[in-house]
Amino acid sequence: VHGESAYFVWLNQGKQSLVADIKKASDRELLHRILAQADVFIQNLAPGAAARAGFDSIKLREQNPRLITVDISGYGEEGAYRDMKAYDLLVQCETGLAAITGAPEQPGRVGVSVCDIACGMHAHAAVLEALIARGQTGEGRGIAVSLFDALADWMTVPLLHQQYAGAAPARVGLHHPSIAPYGAYYCKGSEQVVISIQNEREWVRFCAEVLELPELAADVRFANNPARCANRPALDAEINAVFAQYTRPQLAERLHAGAIAYASVNSVADLAAHSQLRREDVATPSGPVAIVAPPAQVRGAKPVLGAVPDVGEHSAALRREFSPRD
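With my numbering, letter number 74 in the sequence shown gets 74, and the count goes up by one each step, no holes.
Calculated from the structure, these hints are not laboratory results. Do not rely on the hints blindly, as some may be mistaken.
When the alpha-carbon atoms are kept at most 30 Å apart in a straight line, the in silico DSS-like pairs for lysine-lysine are as follows [what the hints assert, rightly or not]:
| id | residue 1 | residue 2 |
| --- | --- | --- |
| 1 | Lys85 | Lys24 |
| 2 | Lys23 | Lys59 |
| 3 | Lys85 | Lys23 |
| 4 | Lys85 | Lys59 |
| 5 | Lys15 | Lys85 |
| 6 | Lys59 | Lys24 |
| 7 | Lys59 | Lys302 |
| 8 | Lys59 | Lys15 |
Pair by pair, the computed Cβ-Cβ distance ranges are [unchecked claim]:
| id | residue 1 | residue 2 | range |
| --- | --- | --- | --- |
| 9 | Asp83 | Glu191 | 41 to 49 Å |
| 10 | Arg325 | Thr156 | 45 to 53 Å |
| 11 | Ile179 | Leu159 | 40 to 48 Å |
Predicted model, so just to flag it, every value in this text is computed and none were measured. Using N, Cα and C, we set each Cβ at its ideal position, and we do this for glycine too.
Let the hints inform the model, and build the full structure from the sequences given.
Structure representation (structure tokens):
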């Protein structure tokens, strides 16, 4: 993005940037002076590395009892996987997410770094809880979050299916493993639309008003959801034969008129032009960037996004602010 990292622009609005070398005694002392007044300390070095560098979370909270510390790791601080390197794709595979993602013939990667994001969201929620607790007790809190634990939590439903029903959800691409029809179908041309039938009333209406094949609803192969799932290839063939006659806008009009839930299988370019997408400009060192507006909207207030800093932009000012006091 104008020569900047897209991740850096996304995640660093309104922050100050300090560059410090924790191998240098003077910079370690600087960071300790900052931490003496800090609310939250977050680190994601390899397990044990922060402690070896002089930033052990327990000791930091002893020095500043109001401090909230967050240690982020790949697989946690204990167990056989403790020292394994962990990156997003590796954890997607290790947690089984890849096994239920993608087309039937091959596992797939979720297209964004969901392990990193999930871990950050869990850490954020835990910090907010700790701040509330500190307001009541005056004491900080030690928090540990791993990428594996964060994604394993998101895998709870497939895990319960496996453990208590004997089978994980099937990998079915852009279809639902246990509801039919619920998935993507090609329109006239190369575009796709996703439909979702949630009950028998919708199925009857879909057959009559969208497909114009009311007799299909009475076909014993498609009489209920279990039957439709069992006969999915035949069901898909019936739907594809009709959908192939219409463009995506034409199908959208028919689905909307029939009160059938649907969506377009959009490209990222489609998202960029989407009428529902809210954007805000944010300043960066190399020029303004239109980013996605904050999802949480405060009624009556417009989002105020601080500038994205250059790396080390505030180093001199912060070093002055936290210089040793005589």
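These are the hints, each one checked on the structure:
no.: 1; hint: Lys85 x Lys24; result: holds (26 Å)
no.: 2; hint: Lys23 x Lys59; result: holds (18 Å)
no.: 3; hint: Lys85 x Lys23; result: holds (22 Å)
no.: 4; hint: Lys85 x Lys59; result: holds (25 Å)
no.: 5; hint: Lys15 x Lys85; result: holds (28 Å)
no.: 6; hint: Lys59 x Lys24; result: holds (19 Å)
no.: 7; hint: Lys59 x Lys302; result: violated (41 Å)
no.: 8; hint: Lys59 x Lys15; result: holds (26 Å)
no.: 9; hint: Asp83 x Glu191: 41 to 49 Å; result: holds (48 Å)
no.: 10; hint: Arg325 x Thr156: 45 to 53 Å; result: holds (50 Å)
no.: 11; hint: Ile179 x Leu159: 40 to 48 Å; result: violated (20 Å)
Violated hints for the displayed structure, listed by number in ascending order: 7 and 11.
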